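Chemist: So you can see what is in the structure, the chains are spelled out below.
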Amino acid sequence: MFAGSARGYLFVAPALAYLALMALYPLVSVVAMSFQDVAEGHWRFAGGRQYARALGDGLVWNSVRNTAIFTVASTALHLAVGLALALALNQTWFSRTLRNFVRGALILPWLFSTAASALMWALLYHPFGLFNYLWVGVLGRPAVIQFLGDPTTALAAIIAVNTWKSYPFYMVSLLGGLQGIPLELYDAAKVDGAGAWHRFRFVTLPQLRPVLVAISTIDVITSFGHVDLISMLTRGGPGVSTETVAYHVYKTALLDGNLPYGSAVSTLMLVILTMFTVVYLRLVTGRQRESW
Amino acid sequence: MSRAGRRRQRLRHGLGQAVLVGLTLLATAAILVPVVWMFSAAVRPIRELLTYPPKLIPDTVTVEYFLRILRQAKYQRFFANSAVLSLVSLGATLVLAALAGYGFSRFRMRGGKAMLVGILALLMLPRVTVIVPYFRLAHAWGVYDRLGGLILVNVAFLLPMATWLLKGYLDSVPVELEEAAMVDGCTRLRALWAIILPLAVPGLVGVGTFVFIGAWNEYLLAVVLTDTPSAQTLTVGLAAFFGEYVRDWNSIMALSTLTSVPLMLIFVFFQRWVVQGMTSGAVK
Numbered sequence: 001m002f003a004g005s006a007r008g009y010l011f012v013a014p015a016l017a018y019l020a021l022m023a024l025y026p027l028v029s030v031v032a033m034s035f036q037d038v039a040e041g042h043w044r045f046a047g048g049r050q051y052a053r054a055l056g057d058g059l060v061w062n063s064v065r066n067t068a069i070f071t072v073a074s075t076a077l078h079l080a081v082g083l084a085l086a087l088a089l090n091q092t093w094f095s096r097t098l099r100n101f102v103r104g105a106l107i108l109p110w111l112f113s114t115a116a117s118a119l120m121w122a123l124l125y126h127p128f129g130l131f132n133y134l135w136v137g138v139l140g141r142p143a144v145i146q147f148l149g150d151p152t153t154a155l156a157a158i159i160a161v162n163t164w165k166s167y168p169f170y171m172v173s174l175l176g177g178l179q180g181i182p183l184e185l186y187d188a189a190k191v192d193g194a195g196a197w198h199r200f201r202f203v204t205l206p207q208l209r210p211v212l213v214a215i216s217t218i219d220v221i222t223s224f225g226h227v228d229l230i231s232m233l234t235r236g237g238p239g240v241s242t243e244t245v246a247y248h249v250y251k252t253a254l255l256d257g258n259l260p261y262g263s264a265v266s267t268l269m270l271v272i273l274t275m276f277t278v279v280y281l282r283l284v285t286g287r288q289r290e291s292w
Numbered sequence: 001m002s003r004a005g006r007r008r009q010r011l012r013h014g015l016g017q018a019v020l021v022g023l024t025l026l027a028t029a030a031i032l033v034p035v036v037w038m039f040s041a042a043v044r045p046i047r048e049l050l051t052y053p054p055k056l057i058p059d060t061v062t063v064e065y066f067l068r069i070l071r072q073a074k075y076q077r078f079f080a081n082s083a084v085l086s087l088v089s090l091g092a093t094l095v096l097a098a099l100a101g102y103g104f105s106r107f108r109m110r111g112g113k114a115m116l117v118g119i120l121a122l123l124m125l126p127r128v129t130v131i132v133p134y135f136r137l138a139h140a141w142g143v144y145d146r147l148g149g150l151i152l153v154n155v156a157f158l159l160p161m162a163t164w165l166l167k168g169y170l171d172s173v174p175v176e177l178e179e180a181a182m183v184d185g186c187t188r189l190r191a192l193w194a195i196i197l198p199l200a201v202p203g204l205v206g207v208g209t210f211v212f213i214g215a216w217n218e219y220l221l222a223v224v225l226t227d228t229p230s231a232q233t234l235t236v237g238l239a240a241f242f243g244e245y246v247r248d249w250n251s252i253m254a255l256s257t258l259t260s261v262p263l264m265l266i267f268v269f270f271q272r273w274v275v276q277g278m279t280s281g282a283v284k
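Line by line, the protein sequences are chains V and U. Last residue of the first sequence: 292 in the working numbering, with the numbers rising by one and none dropped. Last residue of the second sequence: 284 in the working numbering, with the numbers rising by one and none dropped.
These are computed hints drawn from the structure, not numbers from a lab. Be aware that a few hints might be false.
As the list claims (entries may be wrong) - Examples of chain V residues lying across from chain U (beta carbon under 8 Å, computed):
(1) Tyr9
(2) Leu77
(3) Trp197
(4) Ala253
(5) Leu255
(6) Gly262
Just so we're clear, the structure is a prediction, and the values are computed from it rather than from any experiment. We treat Cβ as the ideally placed atom computed from N, Cα and C, and that holds for glycine.
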């Protein structure tokens, strides 16, 4: 069934060579640059100076805190919204067409660029926008909320946009997981007298576990590296209240032009994320071995 | 069970279904509010925007803002750049990914599993961690502020996902067909082209849509590696438009709408395959 291996390499070589040059090489060089310094336009070895600076910087620790909040909240909300909607879409509806239409409509936010999503929400968050109309005009509160301009609400406002933008991917993944659960398991549980909650708790959730583990890890890594919404909606502000580690890299390296320092923070990010990835790969390959 | 009991059960079941469907429709409506708001803001005159109370249906409908954007050379350039970037990235990614996916699917190679795991690891690589080397390399290679450079880095980020998904899809295409063709004297490359790829069209369409949307919406690499409209894409143009001091919301929403329309059309056409690809792909 399988041919000799030599010719296989010819098929995979172009893609691997491309990734080696365009992904691995930059990865190695970001680590190399993090141990350097720029003086009068020349790069030279500087040992761990950039790391010492980064780890001693209160702004970095502030961004770590914001990243933790952003990542945990985004992941939890993506999974909660995604699972609730996936469960609803996985039921029998009186009209299949309506269900498919709703499924398509619910995927819609995933199609928009983060740029377009950021702008749509910025209009809703506007002091004279829809949300403030509901807050002041309908609920009768005395003052408008500066959703993006107030340090106490800005991060939550960005998390809301990120939840809206990315839940469809997780919803569809979970829908795929739900459809893979054998119906006999539910029938057996019903025979044993299990109610809806027990069927969810003891059949659905355990069966979804592998998918949940996989997508939550993907989500943690994606949210951790997220820059787009923050750079478009608040630029880390007001103050540094929405500055995450990823945005800190972008700001210090590209906006302030401190490339070696940005490399050091990038490398720190990679170290943290590698720990996550190792766990993820162990789980995924452990499961895939049977099917290979 | 008595007839009355069965009827009662059916009624309860129907009622439960109605509640579920009703709640889901309500949630869907809430989720679509930003989109509907964008459309309606794009087609109303400025004095009808940000009014108190807000009006969902504008009194006057105008396409002036769309036309004004479409007539500007700068935005035409952004559209052209986004289209070229997405299409070339799509083509390059699919060719490389189809070859690699076929290789991984059909050959048992030493180190094959390690290579696949490596590709999976790259799939998770956050773009932001390599913007510094990309920025330097782009200058060193003379592709800073060039669309070509942007295509090179975009493919690097689209390729791992595409390879992984296509490998999975090709695993489900039976080997016997190409074996028969090769017994008849077909070369392997020819068998891949003439027999396997036509069978893999649904997979290619699903992955292709994924890749196109990814390239079209990419922002971070574009903002790092470009500087002038000659190489900038729509996402960068959109963000820059927003960043300007005077906020012309109608035009912003019109531009947002215009950038999103191509993706919505593509999605309407290819929804089935995309959903198939997403439900059976990376995380299974």
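Chemist: If a hint holds in the structure, say so; if it does not, say that too.
Modeler: Consistency of the hints with the structure:
1. Tyr9: 6 Å, holds
2. Leu77: 13 Å, violated
3. Trp197: Cβ of V/Trp197 sits 14 Å from chain U, so the hint is violated.
4. Ala253: 5 Å, holds
5. Leu255: 10 Å, violated
6. Gly262: 5 Å, holds
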